[in-house]
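Asks: Listed below are the residues making up each chain.
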Amino acid sequence: MLTPVADGTRFQSASDQSLLVYFDQEITPEAHQRVMKLLWLLQSKPVRGIRNLHPAYTSLLVEFDALTLQQDELEAILRLYLDRIEDVRLPEPRLLEIPVCYGGHFGPDLDDLSSMHGITASQAIELHASAVYVVFFLGFVPGFAYLGGLPKALATPRLTTPRRSVPAGSVGIAGDQAGVYPFATPGGWRLIGRTPVAMFRPDRSDMSLLSVGDRVRFTPISLEQFAALEKMRT
Amino acid sequence: MIKVLVPGLFTTVQDLGREGFGPLGVSPSGAADPISLRLGNRLVGNTEDAPALEMTLLGGTFCFPEGAVAALTGSEFDADLDDHPVDLWTSIEAQPGQTLRLGVTRSGARCYLCVQGGIDVKHFLGSASTHVLSGLGGLNGRPLRQGDVLKIVPTRASFRNRTIVPRVIESLSHRTVLRVTTGPQNNWFPDSSQRLFYTSAYRVAEESDRMGLRLEGRAIPSRSGREMITEGVSLGAVQIPPGGQPIILFVDQQTTGGYPKIANVISADIHRVGQLRPRDELRFERVELETARSLLREQEELLASKRFMQE
Chain H
1 MLTPVADGTR FQSASDQSLL VYFDQEITPE AHQRVMKLLW LLQSKPVRGI
51 RNLHPAYTSL LVEFDALTLQ QDELEAILRL YLDRIEDVRL PEPRLLEIPV
101 CYGGHFGPDL DDLSSMHGIT ASQAIELHAS AVYVVFFLGF VPGFAYLGGL
151 PKALATPRLT TPRRSVPAGS VGIAGDQAGV YPFATPGGWR LIGRTPVAMF
201 RPDRSDMSLL SVGDRVRFTP ISLEQFAALE KMRT
Chain S
1001 MIKVLVPGLF TTVQDLGREG FGPLGVSPSG AADPISLRLG NRLVGNTEDA
1051 PALEMTLLGG TFCFPEGAVA ALTGSEFDAD LDDHPVDLWT SIEAQPGQTL
1101 RLGVTRSGAR CYLCVQGGID VKHFLGSAST HVLSGLGGLN GRPLRQGDVL
1151 KIVPTRASFR NRTIVPRVIE SLSHRTVLRV TTGPQNNWFP DSSQRLFYTS
1201 AYRVAEESDR MGLRLEGRAI PSRSGREMIT EGVSLGAVQI PPGGQPIILF
1251 VDQQTTGGYP KIANVISADI HRVGQLRPRD ELRFERVELE TARSLLREQE
1301 ELLASKRFMQ E
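Top to bottom, those sequences are chains H and S. Numbering-wise, the first sequence is residues 1 to 234 according to our numbering. Numbering-wise, the second sequence is residues 1001 to 1311 according to our numbering.
It should be emphasised that the hints constitute simulated quantities derived from the structure, not laboratory data. Beta carbons are placed, not taken as given, at the ideal position from N, Cα and C, and that holds for glycine. Honestly, I wouldn't trust all of these hints.
[As the list claims (entries may be wrong)] Listed next, with one range per pair, are the computed distances between beta-carbon atoms:
#1 S:ARG1167 <-> H:PRO108: 53 to 61 angstroms
#2 S:ASP1120 <-> H:ARG201: 17 to 25 angstroms
#3 S:LYS1003 <-> H:ALA184: 48 to 56 angstroms
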């Protein structure tokens, strides 16, 4: 069940109650813009029977209630939404600064990662902190942002054996993606530092610090600054 | 009030989960066997989505200092109330000070303890369900411990003797064949892999949990040399990681994933996944999307009929 729509967009059944909308077969800024625009349209004008939405790099997974909404009805509605997608003006993205204490105990993989690329740890930090990242989507656990825009010189595969527990706030690299662990969870990303900022707080009105489409910059801080910021949090 | 004297192996507060927070990366959670939870709640006069306790493989011991109307559903955990055996699928009344004791499972993986009024915990994003990985929801985001005290929402309802009719329980019962529809990366798997997948028996691995059931059996090769772009994953997706051993993504699943998916468990069989134990054997049977949807409709019609419960 693969239905082409237009401009390379296509529908694909994922299960008896979910449909994938693919915008492209490779990660491009244009495809991601269209993911965000369709998400924005569906959030501002919700469709009865759609239960959940999962945006990703080039796709949007639409979960629906098959008892009240037929797949062909859903596809027809989505086509109407897709017709309007070029008119959507997404709000100006926010730029958020995330302070990071790099290396040492907080970034146990920084030295390995640097030597794999033949650069020093401080060069790696400088590269990591120089880029502006885009939040492609949140996934894995609440508030875990998949960030695009990592300098190519830092792209490193995941650890072959994931850690059983990665501390909350750990800043990591996996392939050409960057991210921050909001909770202590198992994880295979290479850790280069840690932020004292809470990435996800259920008691905050914006629970997740980051949302799809945000821009992010990492700012190096010292251990003392880390301790001071961590204190402010509690 | 419920006093937790013995927590059991892995007991959490669950309702029907939180839906609609995919953009935040929040997984649905909720009962692993949602039908047992729904029926349990109806036995005690609750709405179907009231929070209850989900026990896994080994049950706990719970005291009701003020008494309670309760029901056990799902799998048989050898329960007794002050040494009097308690049947599954029927409402019971615990007198003040009585203790409900559950043992090891005799059938599937999960047993639900529903109480009239429902378990009273703080909701997170509209649901009482526990998501242990992020430590959110339920009782402090974690499984129950000895000494925990759970509040019950007060009600004015009284005890009524209700039982689920055997015909309904049978139709919902354990199956060793899970029905699936084809997954979105179905064409990444050559015909030989498809045949292997649909003809082999798989065993549920020990390290399975509410996030996913890891299966052991014949490895499924995929066409090599392709890297998948991470995308949203649906409940019951059967993904094939590089090693070829399938993983069924389950209620506490991550919301996105980067492994190709060969199949997806149909909605009408999801509750059966919740009753699979480590070392259980299973097979996959392929059905069409329309079949899957009519099976779901039939199941919901059965649950909506008045005849499934005797009073």
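Asks: Against this structure, judge whether each hint is valid.
Replies: Verification of the supplied hints:
For ARG1167 of chain S paired with PRO108 of chain H, a C-beta distance near 58 angstroms keeps the hint of 53 to 61 angstroms intact. Take ASP1120 of chain S and ARG201 of chain H: their Cβ atoms lie about 23 angstroms apart, and the range 17 to 25 angstroms holds. Restraint check, LYS1003 of chain S to ALA184 of chain H: a C-beta distance of roughly 29 angstroms breaks the suggested window 48 to 56 angstroms.
Of the numbered hints given earlier, the model fails hint 3 alone.
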